[in-house]
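Trainee: Residue numbers (my numbering), protein chains in the order written: chain E, 626 to 951; chain B, 5 to 370.
Because the hints were derived from the structure by calculation, they are not lab data. This one's a predicted model, so the numbers in the text were calculated from it and none came from an experiment. Yeah, the Cβ is synthetic: ideal placement off N, Cα and C, and Gly gets one too. Treat the hints with caution; some may be incorrect.
[As the list claims (entries may be wrong)] One-sided excerpt, in silico: chain E residues whose CB lies under 8 Å from chain B:
1. Y678
2. N776
3. V780
[Stated by the list, open to error] Away from chain E, derived, C-beta distances all over 10 Å, residues of chain B:
4. D18
5. S47
6. S49
7. K52
8. A61
9. G65
10. E190
11. H198
12. L227
13. D316
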Amino acid sequence: MAETGNIEALAKLVSNDIFKWFKWRICKPCDVNWDCVSEHHNKNTHPSDVVFYYDDPYSAKTSYINTDLKSYAAGSITKTGIERALKSLAMSVECANISESWQDKYLLSDIDFGSVSGLLFVYNHDNDYDKDFDAELNKVNSKEVAVAEDNEVFVFGPSRIQRMCDVVSDLKMLKADEQMVGPDRYTFFYPDLIRARRSGDEWNKPATLESLTSPWLIIKHKATESLSSGFIVYYHQDGDTVEEFVYLLDAMSHYQMFSSDYRLRVRFTRPCTNAITNFERAKHEYLRMWGDDSARQKQMDSIEASQITNFTKTYNPMEIGMRQDD
Amino acid sequence: MTKTTGPSIYIPTDKNIFDALQHKKVTQSELVTFLRKRGILVSNSAQKQQLIEKISAMTLGYRDFEWLGRILENPNRKDKSTHATLKGEIEGKHVKSACEAVKANLAADGDDSVTVIKKGNKTTLKVTYVDHDFTKTEMRQRSVKTCEIEIEQSDNSVVMKMPSTKKGKEISEQLKGALRYQAKEESGKDLQEHSISLEAISDAKSRSEFFDILIRNIADFELDTVTSVDVFNFRFGGSDEFDEEDTEARLASYINKAALNGEGVLESKEFSQLHSQGFYIYRIVWLANEIGTEKPRVEFEVQFGDPATCTDFTYKVRGLYHYNSRTAQYNVTRTAATKLENDKYGIYLRNASELAHSKVLKTLGG
Chain E
626 MAETGNIEAL AKLVSNDIFK WFKWRICKPC DVNWDCVSEH HNKNTHPSDV
676 VFYYDDPYSA KTSYINTDLK SYAAGSITKT GIERALKSLA MSVECANISE
726 SWQDKYLLSD IDFGSVSGLL FVYNHDNDYD KDFDAELNKV NSKEVAVAED
776 NEVFVFGPSR IQRMCDVVSD LKMLKADEQM VGPDRYTFFY PDLIRARRSG
826 DEWNKPATLE SLTSPWLIIK HKATESLSSG FIVYYHQDGD TVEEFVYLLD
876 AMSHYQMFSS DYRLRVRFTR PCTNAITNFE RAKHEYLRMW GDDSARQKQM
926 DSIEASQITN FTKTYNPMEI GMRQDD
Chain B
5 MTKTTGPSIY IPTDKNIFDA LQHKKVTQSE LVTFLRKRGI LVSNSAQKQQ
55 LIEKISAMTL GYRDFEWLGR ILENPNRKDK STHATLKGEI EGKHVKSACE
105 AVKANLAADG DDSVTVIKKG NKTTLKVTYV DHDFTKTEMR QRSVKTCEIE
155 IEQSDNSVVM KMPSTKKGKE ISEQLKGALR YQAKEESGKD LQEHSISLEA
205 ISDAKSRSEF FDILIRNIAD FELDTVTSVD VFNFRFGGSD EFDEEDTEAR
255 LASYINKAAL NGEGVLESKE FSQLHSQGFY IYRIVWLANE IGTEKPRVEF
305 EVQFGDPATC TDFTYKVRGL YHYNSRTAQY NVTRTAATKL ENDKYGIYLR
355 NASELAHSKV LKTLGG
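Sequences are here, hints too, so could you generate the full structure?
Mentor: Below, the structure is given as structure tokens:
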């Protein structure tokens, strides 16, 4: 059911604040109900707060993301609340994939229609970022939620949303310093896989749902007068081992990042105190493993590792919780 | 520095992951849980193949790589043990510096890490290394293993106990070399190496006799039954025989190896038949009951790695059948020996084999 007229405004804020930077686009209309087509749901309609879409970098098909925006007070995130929201979303996703009513409203074109996934977007509307979200999510009984076969439902909790906001604010700040370009001149990076090839040219790829759940996110950017072309790797793990960075360096080498004169930046989103030291050690270890000729030494030296500044404490698109669920 | 094994950390390709996830040890529910931890919910009845397609195309970090490694890890299959005795004037300091030499040597040309621990008259050299098996799929080729060599010192000899693996052999050879060098420097005398071998005995009956004595002489144990025996016929197995053309023609069909499984194998008429035709035992598996109340039944195995010459002697504790006081019987399922049990029974096996060896040699010598 459509709850308040504010959802449309909220959707636009979330889209502008966050998803625009990840190259997701918004489907009109926001906040509508559409027909349920599955009898076992025992419902007449399903709601859609907002539907995003992007072209999948590997399949080239359009992925639609039927999103449920939920705002909770820090203390009120409970297993029951999450379970209820997920249950409803799982049903919506099952129907959206086959409902004419949904497709009439949202589908851009029948050609290249990939699939509809669900996204439960849970943010805090007060100041206490809730650390227990993952624990509560873990308690959710998967039998209760019943995601239909071939469907996927993603959950972005307060900390992941926070991390995405941190990345966006970092990009904005770098851009203000002329150390980064705007979304039209960067792309999210997808290496060619052995079992799948990236479709089309490498530019203008979105950050997929999967890449936003990965341990790192890679952006490739073009050059400007004050900035040479290169990569930014947003590294999300805490970096408390040397091995994980040797692994990361090997991945970067594998993705051919060292082969041209790219500017290489590794930016930690939530590092532990030793992360940068460990990263430097990993460089040495990597050189030791592969032989430290001067060219490789230069590549390693050129990698800039630093921590991003976390300005925002919590993502709160509108000061007053418009849609408070318990 | 050149290496043949490559680095110990490297990023697997999506194809490596795809292949690795096919393994039956990776269950569908494990994959569902993996996705869930990333905040991705899928149907509980999703096909494993579909989940593999999905996960192998995702970016996996080092922790994911470790997760997969843990699932695919071989449960530490107990390696067989073997031992060698060096006789001569060997002092504690020789053992120490020999260990140091081996340690320096291993550290210089590889990723092996080495620790040396001395406790009383026992020195343990523990080598952690990466084992490669290129016949397996990429992600399963590497496994981290340890190789422990125990050096036990007594008057005028040291006993070296080691796993019967390629690595065990390699390191023990280095260690022996270093010890010989140390002793020679000091006393000018060569060390004598003694190991269990029946090479000097050509008589099939005496070769089998060795096993018969061995299984009846495990301290604190009573022989229950022999469950498996592998026999070999020297007459056919020895290559010299075939140099003569007519022999080859005559022996167009022959058996030189046979394995007999069952209960009470040594008493079977099949065994005695083979035995009378010149076959002798080179591997034996038997059950023995530890003497005392509520003690376990233990399954042992000893064998000569090279059946033709009866050399390369190894032994192993295959497992324990614990005594169940409720049913007053031994359990039906076998449990693996703990490290402690393995060490304890390993010494029994070692002593019994030394005893059997010297007895057989003595009867032969007259």
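Trainee: Now, for every hint given, state plainly whether the structure supports it.
Mentor: Going down the list of hints, with the structure as the test:
1. Y678: violated, 18 Å
2. N776: holds, 7 Å
3. V780: holds, 4 Å
4. D18: Given that some Cβ of chain E is not farther than 10 Å from that of D18 (chain B), nearest at about 4 Å, it is violated.
5. S47: Non-interface label fails for S47 (chain B): nearest chain E Cβ at 4 Å, not farther than 10 Å.
6. S49: violated, 6 Å
7. K52: holds, 13 Å
8. A61: violated, 6 Å
9. G65: violated, 3 Å
10. E190: Non-interface label stands for E190 (chain B): nearest chain E Cβ at 38 Å, farther than 10 Å.
11. H198: At about 42 Å from chain E, H198 (chain B) clears the 10 Å cut-off, so the statement holds.
12. L227: holds, 50 Å
13. D316: It holds; D316 (chain B) is separated from chain E by about 36 Å at its closest Cβ, greater than 10 Å.
Hints 1, 4, 5, 6, 8 and 9 from the list above are not met by this structure, while the remaining hints are.
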